[in-house]
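Mapping of the sequence shown onto full-length UniProt numbering: residues 1 to 379, in sequence order.
Calculated directly from the structure, the hints in this document are not laboratory data. No residue lacks a Cβ here, since even glycine has one placed at the ideal position from N, Cα and C.
The calculated BS3-like cross-link candidates involving lysine-lysine, where the alpha carbons are at most 27 Å apart (straight line), are:
1) Lys170 to Lys76
2) Lys284 to Lys273
3) Lys360 to Lys158
Beta-carbon label-pair distances, calculated as ranges:
4) Glu328 to Met291: 15 to 23 Å
5) Glu306 to Leu16: 41 to 49 Å
6) Trp63 to Ser375: 32 to 40 Å
7) Tyr370 to Asn146: 21 to 29 Å
8) Met291 to Tyr370: 45 to 53 Å
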Amino acid sequence: MIMTDQDHNGSHIKGLLINFLDHFYPSLLEVPDFLVEFVMPIVRVLKGKQHKDFFTILEYEQWLKDTPGADKWESKYFKGLGTSTDADACGYFSDMAKHEGDRELIKLAFSKKKADDRKEWLRQFKEIPYSEFVHKELILFSMADNVRSIPSVADGLKPGQRKIIWACFKRNLKKEIKGHATHCDMSLTQTIVALAQDFVSSNNLNLMFPSGQFRMRDQGGKDHASGSCSHGAHQQGLRYRNYFNPIDIVLNIHGGEDSKAKLSKPRKTKITKLPIHKWTQTFKGELEAMMTGGKKTDGSVKNYQEHHANENIHFVVQMDAKEVAKAEEKGLLEYFKLISKVSTSNMICFNLEGKIRKYKSPEVILEEFYPSQLSYYQK
Numbered sequence: 001m002i003m004t005d006q007d008h009n010g011s012h013i014k015g016l017l018i019n020f021l022d023h024f025y026p027s028l029l030e031v032p033d034f035l036v037e038f039v040m041p042i043v044r045v046l047k048g049k050q051h052k053d054f055f056t057i058l059e060y061e062q063w064l065k066d067t068p069g070a071d072k073w074e075s076k077y078f079k080g081l082g083t084s085t086d087a088d089a090c091g092y093f094s095d096m097a098k099h100e101g102d103r104e105l106i107k108l109a110f111s112k113k114k115a116d117d118r119k120e121w122l123r124q125f126k127e128i129p130y131s132e133f134v135h136k137e138l139i140l141f142s143m144a145d146n147v148r149s150i151p152s153v154a155d156g157l158k159p160g161q162r163k164i165i166w167a168c169f170k171r172n173l174k175k176e177i178k179g180h181a182t183h184c185d186m187s188l189t190q191t192i193v194a195l196a197q198d199f200v201s202s203n204n205l206n207l208m209f210p211s212g213q214f215r216m217r218d219q220g221g222k223d224h225a226s227g228s229c230s231h232g233a234h235q236q237g238l239r240y241r242n243y244f245n246p247i248d249i250v251l252n253i254h255g256g257e258d259s260k261a262k263l264s265k266p267r268k269t270k271i272t273k274l275p276i277h278k279w280t281q282t283f284k285g286e287l288e289a290m291m292t293g294g295k296k297t298d299g300s301v302k303n304y305q306e307h308h309a310n311e312n313i314h315f316v317v318q319m320d321a322k323e324v325a326k327a328e329e330k331g332l333l334e335y336f337k338l339i340s341k342v343s344t345s346n347m348i349c350f351n352l353e354g355k356i357r358k359y360k361s362p363e364v365i366l367e368e369f370y371p372s373q374l375s376y377y378q379k
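My request is simple: use the sequences and hints to build the entire structure.
Below is the structure:
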């Protein structure tokens with residue numbers, strides 16, 4: 001029996017379970033009534049002593065459209081199983097006719113004396129083809145996941161980022177702010193931190209001002225300070241460049257030129273630049289691997305030193321003369337893997353109509369973006 005939330009994430013979990021069974025135990029899915037689902041409401045509307053439960057968001061939205069005075073009803077969204085009260089749980093089991101069939105209440109589900117009745121009760125479940133679940137339910141999670149993860153051509157932002165920027169405008173934030181919550185939502189915190197980071201390979205133009213430890217290049221921003229210790233403020237220039245910033249963000253394209261290696265002495269190589277999105281700790285791990293070598297061979301790198309200063313990279317790598325010659329013959333950048341490439345031929349964004357589109361080049365994005373902004377320039 002699958003008991004998950006009724007939201008998109010719950011659908012995703014159901015899909016993972018079905019996929020697991022299909023891959024490892026496909027014959028079980030052919031057994032009638034083997035896999036069943038316990039359905040609980042996702043939205044409840046209340047008006048006085050009246051209440052009505054909805055088991056899908058689509059059902060709830062349709063009710064809002066078809067019901068006069070729907071705005072006078074109070075809506076409660078059940079986010080997770082923990083949102084349900086003890087009374088709700090008893091209600092789920094007491095109203096069996098709505099979900100499973102005409103059987104006894106909670107004793108039917110748990111009593112050892114009701115084993116035979118429980119088998120019959122489980123046979124009363126409504127059968128739903130897996131194809132119907134995939135096409136009508138799992139697809140909603142996939143689309144919701146895309147909406148959360150893919151930026152829009154209109155402003156270069158994802159919904160979470162857009163809501164944060166909107167809230168900053170709404171509150172007219174221009175100075176450092178501090179929240180008083182003892183804990184914070186990690187997803188929200190990570191989004192704010194990402195908007196404020198301004199080190200190499202993060203943002204070409206950070207939309208929030210980093211007041212605190214946001215600028216950590218060492219691990220690509222993963223080692224930033226806790227959200228309870230860092231504060232963000234609106235970037236001063238954002239309001240005046242609102243329609244230019246999206247192009248900077250969507251086309252945050254960097255080549256591999258930001259790499260530099262040179263020989264300072266016959267057997268020492270100085271590395272002061274790393275490619276875009278190769279972090280200090282990542283490259284350090286690569287040097288460690290080059291020092292290890294194989295079972296019958298010594299490592300190509302004898303030793304290395306670190307002399308970094310904040311965001312400035314400075315490695316000094318020591319090798320023997322033979323390895324130095326090999327590195328020079330191959331090319332220092334290629335030898336130390338200091339070249340990276342970023343493709344601009346396969347960019348996926350939501351277009352101005354809110355539909356997913358593949359853009360073949362940055363120029364195609366520009367061609368779609370600028371005409372839509374003409375009316376704003378005219379204003």
